[in-house]
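Student: One-letter residues, chain by chain:
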Amino acid sequence: MSDRGVTCGFDEFFVEEFPRLVAMLTVWAGSRAVAEELAQDALLQAQRRWVDVASLDSPRAWVRRVALNRSANEGRRRRRERAAVRRLGARDVTPEEPALVDDGLWARVRELSPSQRDAVVLRYVDDLPLAEIALVMGCTEGTVKTHLQRARSALAAYVTSREGGTQ
Amino acid sequence: MIDDGQVDAYLIRAGERQRAVAPDAALTRRALNDLRGRVNATVSGADELLAAAEGPVEQRQVEDRDAYSRRWLSAAAAAIVVVAGIAAAVLFGRGEGALTTVPPATSIESDVLIDMPRPDWAVSIDMVDAQVLGRNPDNIDVRIEIDRGSVHGVMVGMPVINSGGLVGSVTTVHQDTSVVTLLTSTDLSVGAKTVSTGTVPEITASGVVSGRGADTSLRFDSPSGTVPSVGDALFTVGGSDSLQPPDIPIGRIVNVTGEGAADVQPTADLSRLDRVQVLLYRPATSTPTASATPTPGRAPDQPGITISAEQRAAWDNEGERLIRSKQEAFENGPYPADDQALGFAAQSDPIDISEPGQYELRFHLDDTARLPDGEFVDGFAINAPPWLSIRYDIGNINIDDDGTMVITLSIPDQEAFKPFDAVTFWIY
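For the protein sequence lines, the chains are A and B, in the order given.
Under the numbering used here, the first residue of the first sequence carries the number 3, and numbering increases by one thereafter.
Under the numbering used here, the first residue of the second sequence carries the number 469, and numbering increases by one thereafter.
One thing to keep in mind: the hints can contain errors.
[Claimed, not checked] Which chain B residues face chain A? A few, computed with CB under 7 Å, are given here:
id : residue
1  : 477
2  : 479
3  : 481
4  : 486
[Said to hold, decoys possible] Over the 12 Å line for every Cβ pair with chain A, so calculated as not near, a few chain B residues:
id : residue
5  : 482
6  : 493
7  : 496
8  : 630
9  : 659
10 : 693
11 : 694
12 : 698
13 : 710
14 : 748
15 : 828
FYI, nobody ran anything at the bench for these hints, they're computed from the structure.
C-beta atoms are modelled at their ideal positions from N, C-alpha and C, and glycine is treated no differently.
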């Protein structure tokens with residue numbers, strides 16, 4: 003589906019974007035269940051504003067920005083929720099999440115700085131071109147490249163341990 | 469150590485494997501149906517609301533069982549209608565001029581049915597959505613913590629509601645969280661009036677509602693000894709000194725225990741609170757405050773900034789993309805996120821960004837700030853209203869001998885540029 007000048011309806015947009023958003027957000031959030039909720043929320047926002055969103059240069063970038071913003075808020079909310087629960091003296095019963103594919107790698111990706119993490123999931127999981135990543139992140143392509151290069155440097159040690167690489 | 473190209477290839481393969489376990493077509497279709505269900509519920513609620521607002525008074529029917537909840541659900545449905553963008557100007561009156569299309573004020577004392585959208589007092593009261601962060605069910609003081617605080621305009625004493633009605637009052641305020649004491653707390657009392665829920669509602673008693681601690685019921689006492697009836701609905705009474713505006717549903721009389729005393733079942737389910745709203749309401753006798761809560765599409769006046777009606781209207785129509793990212797940055801404040809590489813936060817001096825151009829942000833780092841050599845500053849939060857849309861590029865980063873970090877920021881001219889002075893930037 004071409005992104006510019008979108009003429010297809012919202013349903014087609016949903017069918018195309020939902021799986022990709024879930025894949026990306028699963029890595030971002032570390033939980034498939036949370037990813038599906040966040041993807042639904044972002045697409046619900048798109049549906050409510052579809053007349054405007056469909057006329058944007060890149061509805062796909064818009065919905066990803068919304069999804070990542072909501073994800074960031076969700077992450078902070080969960081941290082503060084756990085802190086609030088501890089302060090109020092209740093028991094933290096956060097359930098364990100099932101393992102993801104390549105969970106060790108993605109766990110290290112989640113430990114990167116926010117911009118590096120976003121650039122990695124958009125590039126490698128969502129398979130977006132650099133120009134579109136720049137649109138989602140609100141920066142230049144050069145900045146995206148910098149984030150990716152630094153992220154790869156940070157992940158090199160882990161990848162080396164997995165690949166058994168030599169100097 | 470493997471090279472960058474090998475890392476890139478590894479990540480590409482990992483990404484492919486992750487995409488391979490993405491939701492299949494059947495699950496995607498189910499998700500789409502779920503979303504349609506959420507949208508249709510909104511639309512049908514709006515249809516009902518529109519019918520109630522537009523139909524002749526004598527044709528509307530009041531169901532005695534749900535009279536007070538329908539009134540409140542009407543107000544909540546009005547909020548949903550706004551989000552759905554259906555007849556928002558008619559029902560919610562956003563922006564100047566739209567208020568004239570709101571249905572005429574109704575009050576519980578009149579013989580107009582109470583099943584009306586948004587009571588008169590609510591038209592001019594802002595509210596802030598909040599998420600309940602935590603609650604200890606063993607807490608006798610029955611308090612909850614919410615994710616909104618002083619930066620959102622929340623103040624001690626403000627009433628907290630949900631779609632069921634009054635939930636409690638804000639009793640402690642921090643920068644971005646607050647503690648709410650629930651109605652069931654023995655520390656809280658609210659002025660209330662009881663209203664019969666027949667075809668023509670009328671006030672049957674006035675008094676005070678108070679909590680009983682961990683017990684979920686409330687107690688109503690009427691100093692005059694006037695006895696309400698079982699089934700009567702309770703609403704806040706309001707008044708110039710009251711911390712609650714009038715006509716917020718509280719509960720229903722379920723048992724009359726003595727002269728002027730009764731048991732009350734709250735309309736809000738206080739045992740299962742997830743999302744609530746804080747009414748940014750101050751009684752008429754309170755000192756007005758210059759601060760206001762920025763909410764998407766609203767532009768409160770700030771010192772040194774004049775905002776015209778045209779600008780407000782233009783900002784109301786701005787796309788959510790950049791606004792939301794800045795809003796969330798603003799709401800969450802300058803704090804070092806615990807999963808970030810840098811792990812420090814600093815605040816720059818306020819700068820004037822009245823025009824596009826290059827600016828130097830100066831951050832005064834103290835001994836607690838850690839800046840590993842060569843690290844890149846990744847995050848910015850901007851102390852500006854959330855509708856402010858700014859694109860920027862980070863340029864050079866240098867640290868002076870006196871420990872001041874100077875970041876060059878380029879702000880290009882942009883279609884929706886809204887100049888603001890005294891903007892403060894945080895890094896984290």
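Student: Determine for every hint whether it applies to the structure shown.
Tutor: Tested hints:
{"no.": "1", "hint": "477", "in the structure": "violated, 9 Å"}
{"no.": "2", "hint": "479", "in the structure": "holds, 4 Å"}
{"no.": "3", "hint": "481", "in the structure": "violated, 9 Å"}
{"no.": "4", "hint": "486", "in the structure": "holds, 5 Å"}
{"no.": "5", "hint": "482", "in the structure": "violated, 5 Å"}
{"no.": "6", "hint": "493", "in the structure": "violated, 8 Å"}
{"no.": "7", "hint": "496", "in the structure": "violated, 5 Å"}
{"no.": "8", "hint": "630", "in the structure": "holds, 18 Å"}
{"no.": "9", "hint": "659", "in the structure": "holds, 29 Å"}
{"no.": "10", "hint": "693", "in the structure": "holds, 40 Å"}
{"no.": "11", "hint": "694", "in the structure": "holds, 39 Å"}
{"no.": "12", "hint": "698", "in the structure": "holds, 36 Å"}
{"no.": "13", "hint": "710", "in the structure": "holds, 29 Å"}
{"no.": "14", "hint": "748", "in the structure": "holds, 21 Å"}
{"no.": "15", "hint": "828", "in the structure": "holds, 19 Å"}
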